Structures are given as C-alpha cells and as structure tokens.
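A.B. asks: Please model the complete structure; the sequences and the hints are all you need to start from.
Residue numbers (this note's numbering), protein chains in the order written: chain U, 1 to 150; chain G, 1 to 69.
What the hints contain is simulated information worked out from the structure, not anything from laboratory work.
Treat the numbers as computed from the prediction; the structure is a model and nothing was measured.
Where is the CB? At the ideal position from N, CA and C, for every residue including glycine.
Watch out, some of these pointers could steer you wrong.
Claimed, not checked - Here's a subset of chain G near chain U, in silico, CB distances under 7 Å, partners left out:
1) 26
2) 28
3) 29
4) 35
5) 38
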Amino acid sequence: MMAFIRPRLRKPLGIALAGTVFAAAWALRGGHAWWLSVAIEVTVLVGAITFYVRAGDDNDEGALAGSRADERQKLLSLRSRALGWNFTMVAAFIGVTAGTALKASWSWPCLVILALGGFAYLLGLSTYGIAEEEPADDTGPRHPAGSPAG
Amino acid sequence: MRNRVREQRTQREMSQAELAASLGVSRQTVISIESGRYLPSLPLAFAIARFFGLTVDKMFDPDEEEAGT
Numbered sequence: 001m002m003a004f005i006r007p008r009l010r011k012p013l014g015i016a017l018a019g020t021v022f023a024a025a026w027a028l029r030g031g032h033a034w035w036l037s038v039a040i041e042v043t044v045l046v047g048a049i050t051f052y053v054r055a056g057d058d059n060d061e062g063a064l065a066g067s068r069a070d071e072r073q074k075l076l077s078l079r080s081r082a083l084g085w086n087f088t089m090v091a092a093f094i095g096v097t098a099g100t101a102l103k104a105s106w107s108w109p110c111l112v113i114l115a116l117g118g119f120a121y122l123l124g125l126s127t128y129g130i131a132e133e134e135p136a137d138d139t140g141p142r143h144p145a146g147s148p149a150g
Numbered sequence: 001m002r003n004r005v006r007e008q009r010t011q012r013e014m015s016q017a018e019l020a021a022s023l024g025v026s027r028q029t030v031i032s033i034e035s036g037r038y039l040p041s042l043p044l045a046f047a048i049a050r051f052f053g054l055t056v057d058k059m060f061d062p063d064e065e066e067a068g069t
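C.D. replies: Below is the structure:
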C-alpha cells in the first residue's frame with residue numbers, strides 16, 4: 001500500500017492519520033473538554049504540513065522525513081531509535097523501582113513498558129538471526145599443530 | 001581508515017552532489033565518507049571502487065589513518 005504513496009508524503013500522512021485517530025478518541029471520550037479534540041486535530045495537521053515541508057530539505061533530517069534515506073541515514077535513524085529505547089528502558093526501570101519502594105500503584109505502566117521492551121528485544125534477536133546460528137564449520141579432523149609448511 | 005574518494009572525485013572534476021547522484025546516496029553521505037566519519041557498507045564500497053575503476057583495497061586503505069582524525 002505504501003508503494004502507492006509518494007515517499008515524501010508517507011510520514012506526514014502517518015502523523016496526520018495517527019493524530020486524527022487520537023483526536024477522534026478524545027472526541028468520543030466526551031465531557032466538557034471535548035473541544036480539545038479540534039485543537040488536537042489542528043495542531044496535528046499543522047505538524048504534518050511542517051513535516052512535509054521539512055521533508056524537502058537537503059539534509060539528513062529531510063531525507064529521513066521524506067523516506068528517501070540512504071544507508072548512512074538509515075543507520076543514524078536506527079542508532080537514534082536504539083538510544084531512545086535505552087532511555088525508555090532506564091526510565092521504566094527507575095519507575096518500577098521507585099514504585100516498588102514507595103508501594104505506589106502508579107508504577108504498573110512502567111512495568112508494562114519494561115516487559116514490552118524486553119520482549120521486543122528478544123523478538124529482535126530471534127528475528128535477526130541469533131536463534132538461527134549454524135554450528136561452527138570446524139568439526140573436521142584437526143590438523144597437527146605446527147607450521148603449515150612443516 | 002583512509003580512502004581516496006575525494007582524490008578520485010577531484011581528479012575527475014566531479015562535485016560531491018554529482019558523485020552522490022551516481023552512487024544513489026545523499027551528498028551528506030559522500031561528505032561523511034570523504035572525511036572518514038562514515039565507513040560505507042561493503043556493497044557501497046564496491047560501488048564506489050567500481051565507479052572509479054579501482055579495486056576496493058586501492059580505494060580504501062585500512063592501515064592508514066584518515067588525516068585529521
């Protein structure tokens with residue numbers, strides 16, 4: 001489906017769609033603050049348009065925003081996401097630890113984040129090859145120690 | 001690791017943007033490779049070497065440090 005959408009439009013459309021879903025959820029929630037859903041939608045649309053404009057820039061951020069990143073830029077993005085994951089895991093661990101010490105009930109979302117992060121990490125190891133390791137190809141008859149020439 | 005990308009490119013009087021377009025990467029990536037801040041993947045290293053008509057080991061020398069790094 002993504003192939004039908006121009007690369008520069010993909011991420012702005014994703015932002016607009018996600019923001020619209022959240023704004024709709026806020027509107028469904030009802031209550032006296034329902035009007036905030038309109039503010040959320042407007043903010044998200046402005047953000048998506050800004051993202052689209054930035055996607056045309058001739059720099060690394062523009063290439064990533066415009067879905068035209070090359071191998072180095074993809075690596076930059078991957079490292080940044082890994083850094084974000086590390087920060088999230090440390091923050092979740094601190095939350096769980098502090099919540100446990102204080103007997104607080106608010107720490108369970110931190111535990112969920114920690115568990116999901118750990119599960120996703122293990123899933124990544126499994127998906128990207130650790131589980132498919134082949135035996136080392138050194139099971140043949142061993143050569144006698146010493147110089148190959150001798 | 002030292003490489004000869006800048007030297008080869010300037011010999012051919014090419015801009016970084018032209019080389020980037022020929023290799024299918026961004027101008028920023030060519031700049032990073034030339035300055036030694038980024039080591040290209042094996043396929044890209046082969047593409048660069050092939051583009052300049054050299055072998056990979058002629059293009060990239062692991063025994064030499066990049067000047068200024």
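A.B. asks: Take the hints in turn and mark each one as holding or not.
C.D. replies: Cross-check of the supplied hints:
1. 26: holds (5 Å)
2. 28: Hint on residue 28/G: holds, closest Cβ of chain U at ~6 Å, below 7 Å.
3. 29: holds (4 Å)
4. 35: violated (12 Å)
5. 38: Holds, about 5 Å.
Checked against the numbered hints given earlier, the structure breaks only hint 4 and satisfies all the rest.
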